[in-house]
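S.K.: Residues per chain are reported as follows:
Number of protein chains: 2
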Amino acid sequence: MNYSCPNLAIGIDIGGTNSEYGIVNHRGEILLKGKIRTDTYTTVEPYLNELYDKLMPIITKYREQGNIIGIGVGAPNANYYKGIIEYAPNLRWEGVVPLARLMTEKFGLPCLLTNDANAAALGEMTYGAARGFKDFIMITLGTGMGSGIVCNGQLVYGLDGYAGELGHTIIRRGGRKHWKTDLEGSLESYVSATGVVLTARELLQQSNDESLLRKYDLNKINSRMVYECAIAGDKIAQEVFRFTGQILGEALANFVMVTSPEAVVLFGGVIKAGDLFLQPAREHMEKNVLPLYKNKVKLLYSELNEADAAILGASTLVWKFQREQRYNQ
Amino acid sequence: MNYSCPNLAIGIDIGGTNSEYGIVNHRGEILLKGKIRTDTYTTVEPYLNELYDKLMPIITKYREQGNIIGIGVGAPNANYYKGIIEYAPNLRWEGVVPLARLMTEKFGLPCLLTNDANAAALGEMTYGAARGFKDFIMITLGTGMGSGIVCNGQLVYGLDGYAGELGHTIIRRGGRKHWKTDLEGSLESYVSATGVVLTARELLQQSNDESLLRKYDLNKINSRMVYECAIAGDKIAQEVFRFTGQILGEALANFVMVTSPEAVVLFGGVIKAGDLFLQPAREHMEKNVLPLYKNKVKLLYSELNEADAAILGASTLVWKFQREQRYNQ
Chain A
13 MNYSCPNLAI GIDIGGTNSE YGIVNHRGEI LLKGKIRTDT YTTVEPYLNE LYDKLMPIIT
73 KYREQGNIIG IGVGAPNANY YKGIIEYAPN LRWEGVVPLA RLMTEKFGLP CLLTNDANAA
133 ALGEMTYGAA RGFKDFIMIT LGTGMGSGIV CNGQLVYGLD GYAGELGHTI IRRGGRKHWK
193 TDLEGSLESY VSATGVVLTA RELLQQSNDE SLLRKYDLNK INSRMVYECA IAGDKIAQEV
253 FRFTGQILGE ALANFVMVTS PEAVVLFGGV IKAGDLFLQP AREHMEKNVL PLYKNKVKLL
313 YSELNEADAA ILGASTLVWK FQREQRYNQ
Chain B
13 MNYSCPNLAI GIDIGGTNSE YGIVNHRGEI LLKGKIRTDT YTTVEPYLNE LYDKLMPIIT
73 KYREQGNIIG IGVGAPNANY YKGIIEYAPN LRWEGVVPLA RLMTEKFGLP CLLTNDANAA
133 ALGEMTYGAA RGFKDFIMIT LGTGMGSGIV CNGQLVYGLD GYAGELGHTI IRRGGRKHWK
193 TDLEGSLESY VSATGVVLTA RELLQQSNDE SLLRKYDLNK INSRMVYECA IAGDKIAQEV
253 FRFTGQILGE ALANFVMVTS PEAVVLFGGV IKAGDLFLQP AREHMEKNVL PLYKNKVKLL
313 YSELNEADAA ILGASTLVWK FQREQRYNQ
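For the record, the sequence lines run as chains A and B.
Okay, so the first sequence: first residue is 13 according to this note's numbering, each after it adds one.
Okay, so the second sequence: first residue is 13 according to this note's numbering, each after it adds one.
Hints were generated in silico from the structure; no laboratory data involved.
Accuracy of the hints is not assured; some may be wrong.
No copy is singled out in the list; a pair is fine if it fits within one copy or between any two copies.
What the hints assert, rightly or not - Under the rule of at most 16 Å between Cα atoms (straight-line distance), these lysine to aspartate or glutamate pairs were calculated in the EDC-like manner:
| no. | residue 1 | residue 2 |
| --- | --- | --- |
| 1 | Lys-284 | Asp-172 |
| 2 | Lys-47 | Glu-295 |
| 3 | Lys-332 | Asp-51 |
| 4 | Lys-146 | Asp-172 |
| 5 | Lys-94 | Glu-196 |
| 6 | Lys-227 | Glu-240 |
| 7 | Lys-118 | Glu-62 |
| 8 | Lys-306 | Asp-194 |
| 9 | Lys-308 | Asp-172 |
| 10 | Lys-299 | Glu-117 |
| 11 | Lys-94 | Asp-172 |
| 12 | Lys-310 | Asp-172 |
| 13 | Lys-146 | Glu-62 |
| 14 | Lys-310 | Glu-298 |
| 15 | Lys-47 | Glu-318 |
| 16 | Lys-308 | Glu-274 |
| 17 | Lys-299 | Glu-196 |
| 18 | Lys-299 | Asp-194 |
| 19 | Lys-306 | Asp-172 |
| 20 | Lys-94 | Glu-298 |
| 21 | Lys-189 | Glu-214 |
| 22 | Lys-118 | Glu-318 |
Isolated chain A, as found in the complex (with noise of 0.2 Å):
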């Protein structure tokens, strides 16, 4: 081991189309990025092969200017405990991947996984938004929604490693039903940028008001082109916005009475709407919770570059192995 070299770590981040992967220092400087398509393998035994073929050169290059001390992974159902992805609807490989193993065999590097909102809330409270932050939560609005709650500085995991799962508790029972798990009015279902999707259509479908949106087909509607017809002034697409943020400030009002956080950081492509969404959110969030808790929740966007969020996030998981090197030293 070189002493006079700073530790390195390796974060990755493995989506649905594409993994990217990153060489990352202890300041969140991102040394060296690549990526491969996570899509093209209906197993993991290529992909992991393609991955060993593109990350060991820079590894070995790396070795030689600091001690690369692990991988962190942040995939969708990764498991924390068991280092294990678990039958990821959004991943092609199936059944239960042991990755964490499987890394570690073929890198022969320590490896942990986590899944990637947990990542995400990592990663902004080591190099983000949440830094100095003891107790708060990780929203990510993308195509679903996924959360990380922290308390205590320690993300909460639970049981067996599945908690946080926000976007899954009902919001409005008996509502709109969620198109993969069946659950009517859960959180997911609404705000997630296919929940914006779903808004717009039914408010298109309720009357026959203007909009800009009426010059889409109704099926192909994506959540791009209803914040770009809020953003040109169409009232529908705004009630759109509002509605979302309104449906999750009443969750947050929930969740802050529950875990009582110091803040809640938002990411992912819906929270582009800005204050058509977020004032909602707030204003609902405000409403709906004792008085004990008004005026105390700051709700921030994230501060981390959207491309290398998932990437330093995932990386803060090999710090860990540092205090450990040092014992076995």
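Following the hints, complete the assembly by docking chain B onto the known chain A.
M.R.: Showing chain B alone in chain A's frame:
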């Protein structure tokens, strides 16, 4: 300090009517108990004087048998971080009462406070149904609903000590208006003993079906009467508990997906209805969680004697002082 003697704690449970205290050893045995009235005092000073007069002779006596290392207090609206009781609607002391400081000045012993539901959680974790659990939720169903959340072996206090107010989260949006908070559809308004009575009244008014409950004045029904009629086979009274259990189960499903506990421990008068209430609670909890969480969460009754639970729970706060004592020797 007597090194051959066991360490002892004083546990005090401050309720709206009475305050109960006990000398507790490490094994959770209450060596001596007593109580004074809480509600005869409109301010805290004369209350503390009576407590001092009752407790001090006992403290003096037990100092010969053990090292009394501190006072732990469970009280409504108590804040662990600040050591204060704030605007407790069930106590006659108004405003903010810095009880921990006042206790320490009076008794010359370190003092920690926590709210009554958190004390119950600590009691169950140390001596009761949650022994060995690192992740569980404590729910007390009395006149009101209290709750304490334990994650990773620690009580969740949140930013400023007010986490865990599950009773005020909204379970039926636009539903029953809470008698104190004005929130609509909050959990406490359905599943507390007060909620049971309100449900009974509603059901009696909504139908003309025969019911044993009709022998009582509608405005004088209490939860005990509903329980007795339910046990006697009354259909409406049984429906009250079924509905109450359903609402609790639906709420538990949400909480399970937030913190993923190993168990939910229930305590208080309402749970006396047993399976009339617990069976629908379990059914609707399981029905509303993702498959990932199904059949994993234990729904348990408290294992502590109701008369002792609060004293025991409060006393556990004190063991924290042991380490500090060792350092200060």
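S.K.: If the cut is 16 Å between Cα atoms, do Lys-299 and Glu-117 qualify within a copy, between copies, both or neither?
M.R.: Answer is neither: 52 Å inside a copy and 40 Å across each miss the 16 Å cutoff.
S.K.: Between Lys-146 and Glu-62, at a C-alpha cutoff of 16 Å, which is it: within one copy, between copies, both, or neither?
M.R.: Classified as neither; 38 Å inside a copy, 40 Å across copies.
S.K.: What label fits Lys-308 with Glu-274 when the C-alpha limit is 16 Å: within, between, both, or neither?
M.R.: Only inside one copy: Lys-308 and Glu-274 sit 7 Å apart there, 31 Å across copies, limit 16 Å.
S.K.: When no copy is specified for Lys-310 and Asp-172, does a C-alpha distance of 16 Å or less occur within a copy, between copies, both, or neither?
M.R.: For Lys-310 and Asp-172, the Cα distance is within 16 Å only across copies (14 Å; inside one copy 30 Å).
S.K.: I want to check one pair: Lys-118 and Glu-62. Are their C-alpha atoms no more than 16 Å apart within a copy, between two copies, both, or neither?
M.R.: within (11 Å within a copy, 71 Å between copies)
S.K.: Using 16 Å as the alpha-carbon threshold, which applies to Lys-189 and Glu-214: within, between, both, or neither?
M.R.: within (13 Å within a copy, 30 Å between copies)
S.K.: Classify it for me, Lys-306 with Asp-194: is the Cα-Cα distance of at most 16 Å met within a copy, between copies, both or neither?
M.R.: between (34 Å within a copy, 15 Å between copies)
S.K.: Please sort Lys-299 with Asp-194 into within, between, both or neither, judging by C-alpha distance up to 16 Å.
M.R.: Between copies only: 11 Å across chains, 29 Å inside a chain, cut-off 16 Å.
S.K.: I want to check one pair: Lys-299 and Glu-196. Are their C-alpha atoms no more than 16 Å apart within a copy, between two copies, both, or neither?
M.R.: between (24 Å within a copy, 11 Å between copies)
S.K.: At most 16 Å between alpha carbons: which applies to Lys-284 and Asp-172, within, between, both or neither?
M.R.: This pair counts as neither: shortest intra-copy Cα distance 34 Å, inter-copy 31 Å.
S.K.: First find the shortest C-alpha distance between Lys-94 and Glu-298 inside one copy, then the shortest across copies, and answer within, between, both or neither for a cut-off of 16 Å.
M.R.: The answer is neither: 38 Å in one copy and 24 Å across copies each exceed 16 Å.
S.K.: Please work out whether the CA atoms of Lys-47 and Glu-295 approach to 16 Å or closer within one copy, between two copies, in both situations, or in neither?
M.R.: neither (40 Å within a copy, 46 Å between copies)
Taken one by one, the earlier hints fail for this structure at numbers 1, 2, 3, 5, 10, 13, 20, 22, listed in ascending order.
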